[in-house]
Amino acid sequence: MSINVTTNNQDKCTEALSGLYNVYDPEVGLNVVDLGLIYQLDFNDDEKQLDATMTLTTQFCPMGESITGDVTQSLTTTFPEWKINVNLTFDPPWDYSKISPAGKEFLGH
Amino acid sequence: MLALGGPGNLQQTTSYKVVLPFYVYAGISFIVGTIMLLLHTDVIQSHYFNPFTLAITHVMALGWGLMIIFGASHQLVPVLIEGKLDSNSLAYATFLFAGIGIPFIVAGFYGFNLGWMIQTGAVLVNIGVLCYLANILTSAFKSGKHDVHSWFVVTAALWLFATTFLGLLLVLNFTKPLLPSDSVAYLTIHAHLGIVGWFLLLVIGVASRLIPMFLISKYTNNKSLWWIYVLINSSLISFLFFKLFNLDSYFYYISMIMALAAILLFTRHIKRAHKVRIRKNVDEQMKISLLSVLQMLLPFVVLIAVLFLLPTEKNNIILLYGFCIFFGWLTAIILGMTFKTLPFIIWNRTYHKKAHAGKTPAPKELFNPRIYNAMAIIYVVGFVIFIVGIVLINNVLLKTGAIALLITALLYVFNTTIALTHKPKKI
Numbered sequence: 000m001s002i003n004v005t006t007n008n009q010d011k012c013t014e015a016l017s018g019l020y021n022v023y024d025p026e027v028g029l030n031v032v033d034l035g036l037i038y039q040l041d042f043n044d045d046e047k048q049l050d051a052t053m054t055l056t057t058q059f060c061p062m063g064e065s066i067t068g069d070v071t072q073s074l075t076t077t078f079p080e081w082k083i084n085v086n087l088t089f090d091p092p093w094d095y096s097k098i099s100p101a102g103k104e105f106l107g108h
Numbered sequence: 000m001l002a003l004g005g006p007g008n009l010q011q012t013t014s015y016k017v018v019l020p021f022y023v024y025a026g027i028s029f030i031v032g033t034i035m036l037l038l039h040t041d042v043i044q045s046h047y048f049n050p051f052t053l054a055i056t057h058v059m060a061l062g063w064g065l066m067i068i069f070g071a072s073h074q075l076v077p078v079l080i081e082g083k084l085d086s087n088s089l090a091y092a093t094f095l096f097a098g099i100g101i102p103f104i105v106a107g108f109y110g111f112n113l114g115w116m117i118q119t120g121a122v123l124v125n126i127g128v129l130c131y132l133a134n135i136l137t138s139a140f141k142s143g144k145h146d147v148h149s150w151f152v153v154t155a156a157l158w159l160f161a162t163t164f165l166g167l168l169l170v171l172n173f174t175k176p177l178l179p180s181d182s183v184a185y186l187t188i189h190a191h192l193g194i195v196g197w198f199l200l201l202v203i204g205v206a207s208r209l210i211p212m213f214l215i216s217k218y219t220n221n222k223s224l225w226w227i228y229v230l231i232n233s234s235l236i237s238f239l240f241f242k243l244f245n246l247d248s249y250f251y252y253i254s255m256i257m258a259l260a261a262i263l264l265f266t267r268h269i270k271r272a273h274k275v276r277i278r279k280n281v282d283e284q285m286k287i288s289l290l291s292v293l294q295m296l297l298p299f300v301v302l303i304a305v306l307f308l309l310p311t312e313k314n315n316i317i318l319l320y321g322f323c324i325f326f327g328w329l330t331a332i333i334l335g336m337t338f339k340t341l342p343f344i345i346w347n348r349t350y351h352k353k354a355h356a357g358k359t360p361a362p363k364e365l366f367n368p369r370i371y372n373a374m375a376i377i378y379v380v381g382f383v384i385f386i387v388g389i390v391l392i393n394n395v396l397l398k399t400g401a402i403a404l405l406i407t408a409l410l411y412v413f414n415t416t417i418a419l420t421h422k423p424k425k426i
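Order-wise, the sequence lines are chains A and B. Throughout the first sequence, residue numbering follows numbering that gives the first Met the number 0, covering 0 to 108 in sequence. Throughout the second sequence, residue numbering follows numbering that gives the first Met the number 0, covering 0 to 426 in sequence.
Don't take each hint at face value.
BS3-like cross-link-like pairs, simulated, lysine-lysine; straight-line CA separation at most 27 Å [what the hints assert, rightly or not]: (1) Lys270/B with Lys103/A; (2) Lys279/B with Lys97/A; (3) Lys144/B with Lys222/B; (4) Lys274/B with Lys103/A; (5) Lys217/B with Lys270/B; (6) Lys217/B with Lys97/A; (7) Lys274/B with Lys97/A; (8) Lys422/B with Lys363/B; (9) Lys286/B with Lys222/B; (10) Lys217/B with Lys274/B; (11) Lys141/B with Lys222/B; (12) Lys97/A with Lys270/B; (13) Lys363/B with Lys97/A.
Hints in this document: simulated from the structure, not taken from any laboratory.
With these hints in hand, go ahead and build the complete structure from the sequences.
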């Protein structure tokens, strides 16, 4: 699992992730960070804008709208003064390698 | 300001208000079907064209199988065609017309009123099916993406209309001759249009996407799925040809081999998806769904026996074929998939946009797992006992099996009611 983060402020990254650890994929029962759905967090301190890039386990996920909505809500709650953009991508597609060690253990590996 | 963009498109889900009435209707039909089975176990010694067998078959095929698959497919069409359901109004109309028509058909057969009652039911069901067909065609057309799953859904909907339209002709033919032969001569065509063209094609089309998705498996093989699609359709078309031209029953083996090859390919597809799954812990609902894939093979074993015994017309073996389909494969996949899809629908209704506030109950926590496990065990036991009862023509075994299947239906409805009446928990 690796998330690309562009910021000079490590605290902001920690804050964002601590919120995202509470966003779960309801079917899998694992949070979106350990599941490896969050690809990138770009903090623009000057414009107070956060661009998050994420994916889903499958392009056809019927819970996709709910999960991306919850990621957006989580970041908005953490950074109420910031402009939040959540971008969904399937390039590269999500795969097993993106799951954290804790997530792999949770899934029975 | 919030924005959601990027190259990926989100699946748009269908409103729960459209889908849930179908689930409720199907659950009630399952109970009615198993009660009728319990009351009329003696039908296994009769010819399949008798009031009770026809009533039980239609309550299971239409009230249980068709209605729940209507509901699930309205929910899953966006996943399969990669677009959105075109019209909620047409979906409501489908429910209304089919929902009113089915009891007329079942009551018509049960009381052997082959006049106005069954004709009214057949007309209403056909209107409902036309609404469904129009909705599927426009949804698929507007999505602009026509991959193999989309073809499965659209073709199955067309075969469904062929089934119900022929059914209407057969019903009218009872009172006023419209067809060259009497209606009984076309029953096997009517049945296989529905079983192979609608149920088999649609279930494989849906399951080939859903089962890997729920297993979190990255396995895809569109070439194999196209082969399955071609084989199923060729099997059905060849069967219609052999039947309409009254060819020797040995020709039916050609159709049967093609259908069997399709199912074996599908079994291999699911086995491979299962092998490379990321989620190692397979839940109970998925186990029943995987069991149903194997249960698809059982009717073929019986069919070979039916073809082998054709000249002797062993009624109980012919009925065993129908039982293995409606109470076996079809019921098993519904029992498994209901508790994968229904909790999602309820979860989306209840917890949508609330998950960021902490861990919400998982969809699988919206029903009772102990009741589910009991239902699954009683179902398998009842199914096996009833099969043995049919083969041995033993009424005690038949009654015991039917009671177990009725208990299965009651537990199923009880558990779906728990999910349907779920109230949001404080997060």
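So, going through the hints one by one against the coordinates:
1. This hinted pair checks out: Lys270/B and Lys103/A have alpha carbons roughly 22 Å apart, not beyond 27 Å.
2. Proximity of Lys279/B to Lys97/A is assessed by CA-CA distance (about 16 Å); at most 27 Å being required, the pair is judged to hold.
3. Distance hint between Lys144/B and Lys222/B is fulfilled; the C-alpha atoms sit about 17 Å from each other, no more than 27 Å.
4. A distance of roughly 16 Å separates the Cα atoms of Lys274/B and Lys103/A; the hinted pair therefore holds under the 27 Å criterion.
5. At roughly 13 Å between alpha-carbon atoms, Lys217/B and Lys270/B fall within 27 Å of each other, so this suggested pair holds.
6. At most 27 Å may separate the alpha-carbon atoms for a hinted pair to count; Lys217/B and Lys97/A meet this at roughly 13 Å.
7. A distance of roughly 19 Å separates the Cα atoms of Lys274/B and Lys97/A; the hinted pair therefore holds under the 27 Å criterion.
8. Restraint check for Lys422/B and Lys363/B: the C-alpha separation of about 14 Å stays at or below 27 Å, so the hint holds.
9. Annotation: proposed proximity of Lys286/B to Lys222/B holds, straight-line Cα distance about 26 Å (limit 27 Å).
10. With a C-alpha separation of about 10 Å, the suggested pair Lys217/B and Lys274/B falls inside the 27 Å cut-off, and the hint holds.
11. In summary, the hint linking Lys141/B to Lys222/B is supported, as the alpha carbons are separated by about 25 Å, within the 27 Å threshold.
12. Simply put, Lys97/A and Lys270/B have alpha-carbon atoms about 24 Å apart, close enough for the 27 Å limit, and the pair holds.
13. Only pairs whose Cα atoms come within 27 Å are accepted, and Lys363/B paired with Lys97/A is accepted, the gap being roughly 25 Å.
In summary, this structure violates none of the numbered hints.
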